[in-house]
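Engineer: Residue numbers (this note's numbering), protein chains in the order written: chain A, 1 to 282; chain B, 283 to 575; chain C, 576 to 814.
Please keep in mind that the hints were generated in silico from the structure rather than gathered at the bench.
Predicted, not measured: the structure shown is a model, and the values here were computed from it.
It is possible that part of the hints are untrue.
Claimed, not checked - To list a few chain C residues with every Cβ distance to chain A over 10 angstroms, as calculated: (1) ASP641; (2) ALA673; (3) ALA742; (4) ALA773.
What the hints assert, rightly or not - Computed footprint of chain C on chain A; a stretch qualifies when at least three of its residues, placed anywhere within it, have a C-beta under 8 angstroms from a C-beta of chain C: (5) 151-162; (6) 169-181.
Think of the CB as a built atom: it goes at the ideal place given N, C-alpha and C, for glycine as much as any other residue.
Listed here are the chains, written in short residue letters.
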Amino acid sequence: MNALADFYAKHSQLLNQIGINAMLALSLSVSLRAGQLALAQAAFMGIAAYVSAILALTYKWPLPAAILAAVIASTVVAALLAFPVRRLRGVFLAIATIGFGEIVRVVANNLSLTGGAEGMSGIPADVTTPVIYAALAAVALALVALSRTKFALAVTLTREDEHAARGVGVDVGAVRTLSLALGGAIAGLAGALYAHSAFFITPGDFGFARMEEILVWCVIGGVTSPVGAVLGATLLSVLPELIRFLADYREITDGVILLAVVLFAPGGLGSLWRRGAVRVRV
Amino acid sequence: MIGQQLLNGLFLGAVYALFAVGYTLVFGVLDILNLAHAAIFTAAAFAAFSLAMHGVPLPLAFLGAAVMAGIIGILLDRVAFAPLRRRNAGTLVPLISSIGVAIIIGAVLRGIYGVDERHFTTGGLDTAPAIRVGGVTFTSVELVIFLSAIVLMVLLSWTLRATTLGRHIRAVAEDRIAATLLGVDLERTIAATFFLASALGGAAGVLTGLEYNSVTLDMGSPIELKGLAIIILGGMGSITGAVVGGFVIGAVETFAIAYGLSEWRDAITFGVMFLILVARPSGLFGKRALRQA
Amino acid sequence: MLALEKVTVRYGGVTALDGVSLAIERGRILGLIGPNGAGKTTLVNATTGLAPLAGGSVILDGRRVDGLPPHRIARAGIARTYQNIRLFGALDVRGNLAAGAFARRARLHADEVRSLLERAGIPHVDPGAQASSLPYGDQRRLEIARALAASPGVVMLDEPAAGMNPAETHRLVETIRAIAAAGIAVLLIEHDMTLVRAACDSVVVLNFGEAIAHGTPAEIARDPVVVEAYLGTGAEALA
């Protein structure tokens, strides 16, 4: 028992990181499964992180309420974002969402409410590792439940061929909005939990660098596979710790792994787990 | 006052345009968004720094770094894009591939140079005299940087319009398969495209390093995303659009700073970009313009 | 019963369809022919909500459906196949049929799957096979099965015989006739005149976006206006 407690004490920061990263990867995989390269996850994370931090720190809200409000905020923003970008596809959607993320970063950088460039510190940090993993498990279960619904079929059809999907009665616009909103909710949860487990947040935590990281995890794990997304996040979060002597080479290892996966295992690591054609439950 | 701001905008915009031209050239020819472009920008700046530190006169260091950047561009294609082309992997996978290369380039630079800021100590960059013309002030260094950017862009435009290579590039941009059927060597043309695009991007990096007399690992970050805004504004794939877009964004930023909105200038830039994507995704000049260079 | 009344579609300065009217009744097969670029696929797109109408209306069982988003029109009971096959390639055969039945509430049972494959003329196909791995002809028929999976009132087939040899085309006639016999209104776009003559009860001829003739296959084959529109190569096939 002592050994476990010791392990936990030494590595709780890392464990928290893995849990949150896995959640972020899941949130992006939701959009990617619908065929949308919507790169606003980091921005949704940031919005929720700030909302929760401000409510808890400045307005003394109880933590659960602050986190809930934060998730609602990021979800609503995501759903609203779906409207102006509804006609954008592929690279254009990616760029638009990146632009949105930059605007959010600049806003956070300049408002006194958010502490400006220095960010916010002294955020109530009562979120512990078990809480993060409970949330992660809840998200994972929710996604599994969702995968058995008609919505999941609609998502798959939208990704495969939007045109033909409309032809069989799929409301592609609604699918895109809902998947963006769902991604926003999950990323928001990750952000709120992040704010209350780290001790301070700055606008730089939620910028394009973070977004690239999340994308890398998803790609390495397997773009359309939620299991893969979690795998990718876990692997890349743990890797530098496992091979401490490689810590200096973490960056280059990340890059090489990414390239290797893209070139040689395009389905990502998750595709090694799935086999053959997608079987749709009839 | 306005004149000075316009001039500042012009100088800033020229380097932005130079960077954006490389971005848009690759997109126009290959439909790929090369996110390693900014990493090459940075690498070239460091290369020029190293050359200058070893006594190479600045103009030669500049050219050497640009050529090196071009070669990195060719390697980038060989390693990260060509295998995907053969596999018919679409347009989003190369984007991710380019992120991988960008990470690697960044890591290599960090390994070689560490995290400290570097400065050019030769060439009298910090002591260049101010020149006054009309109501505006600038330094000789700024002028040379501006003219270098303009010359390079003109050279590119001439290459695309008047040389055989340029015709081949435009043909591939228009219709890859038809171009192959007409006898264009696809791989060599693509390699040449990457050389040109990356050399220009690298040149922009060197010029930026000279402009602020500062070479850092993250000097590519601001321009990486700004470059996206510029090519969206100008129209993806349009060289003219990238040039115009670069100057417009340069002007927008300069005026934003002059009128006290400095901290918001990125939000303005990306706000404009977002609006364009929503209202008119083809931007000012759209993709067609690559064929008219 | 599907009716198009004076349907007009414009793309920029070009009038792709100009005041076209036609009607398809349940249990009947209407052929739609015309030279390339005459507007046949545009007509299907306009009917299914993929092309906006500049004028006229589309009426399904007495209810106007023009202006509705495509997925609503699909749910109203209009199903189609595509000129260039648009199967959900990564899904298996069963998956494509389940996709076709998306608008219906019910789940697709194994015997329904078998029945759909039979009606489409591919009873031998393995429901677990990946759609993109099927031979070309089977893929075309799978698209038809997918359209039938929606239990539609109207089916629009866009050049279903493209790439088929005469024997396969002959089999297709039976398939299409059986679809109509089940009470579905069928619109058949085709270039293959043998198929049109054998399968269609009546034919509408489009040229430059206008309906220039309407009648039985025999009537329109004799119509001088139609012959002139085809100018030679097609005219021989008509006769």
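Engineer: Where does the structure disagree with the numbered hints, that is, which hint numbers, in rising order?
Structural biologist: 2
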